[in-house]
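Q: Protein sequence lines, in the order shown, are assigned to chains V and A.
Under our numbering, the first residue of the first sequence carries the number 1, and numbering increases by one thereafter.
Under our numbering, the first residue of the second sequence carries the number 116, and numbering increases by one thereafter.
Bear in mind the hints are in silico, worked out from the structure with no lab data behind them.
All C-beta atoms, glycine included, are put in the ideal place defined by N, C-alpha and C.
A hint or two may mislead.
FRET-style restraints, in silico, Cβ to Cβ [unchecked claim]:
#: 1; chain 1: A; residue 1: LYS130; chain 2: V; residue 2: ALA81; range: 40 to 50 angstroms
#: 2; chain 1: A; residue 1: SER142; chain 2: V; residue 2: GLU10; range: 32 to 42 angstroms
#: 3; chain 1: A; residue 1: GLY143; chain 2: V; residue 2: ILE60; range: 42 to 52 angstroms
#: 4; chain 1: A; residue 1: GLY187; chain 2: V; residue 2: VAL14; range: 46 to 56 angstroms
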Amino acid sequence: AQKVTQAQTEISVVEKEDVTLDCVYETRDTTYYLFWYKQPPSGELVFLIRRNSFDEQNEISGRYSWNFQKSTSSFNFTITASQVVDSAVYFCALSEANYGQNFVFGPGTRLSVLP
Amino acid sequence: GAGVSQTPSNKVTEKGKYVELRCDPISGHTALYWYRQSLGQGPEFLIYFQGTGAADDSGLPNDRFFAVRPEGSVSTLKIQRTERGDSAVYLCASSLGAIAGTDTQYFGPGTRLTVL
């Protein structure tokens, strides 16, 4: 069955520090998709990235980068030079290609970036 | 508007009452999803529609919950005989299609339901 684990419940860093949010997943499918969403205090989930299981290339987008490793079933997210505006809850999610559109979200990691 | 909209933003009701929550997806998106998010947890899948039909309703907790999308656009989540345990934020999302797992879901701001 699908499962997403985000072991870090809460993380606090000081502005300009780098921070990595961990995501470990379980799936029975060979084709699947991984996502990260940000939920700021306003509450609306904001899409950050989608990755398919056949593409293990790491991706960088500005201060954000993602490290996908199938060997360890992990899809970790790093914020470089964190800013106060990065404070939010971050969710990792998994969708299996052969089992429909049922997204499974992890429990989330609350990131607090202190000035 | 450009994004997914949900109304009302907040709903307070009494135990045993009936409520309706509305979702207006992004124009042109054929797939629509409902999730429930309890405090401190990730969103939990309830149901998804491809067009007018419910393609997967396996996440609905019981028969008090029902959702419709009669014209393939706006959707309404209906909860009968509400219970205090139904209190949560109900999120709606839409995606361009429903090619299994490929489509990114875009979320609305949610409806916070409080059952007293």
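Q: Evaluate each hint against the coordinates.
A: Hint by hint, here is what the structure shows:
A hinted range of 40 to 50 angstroms for the beta carbons of LYS130 of chain A and ALA81 of chain V is consistent with their spacing of about 49 angstroms. Roughly 38 angstroms separates the CB atoms of SER142 of chain A and GLU10 of chain V, a value that falls within the hinted 32 to 42 angstroms. Separation of GLY143 of chain A from ILE60 of chain V is about 30 angstroms and departs from the stated range, judged on CB atoms against 42 to 52 angstroms. Separated by about 49 angstroms at the C-beta atoms, GLY187 of chain A and VAL14 of chain V satisfy the suggested range of 46 to 56 angstroms.
Checked against the numbered hints given earlier, the structure breaks only hint 3 and satisfies all the rest.
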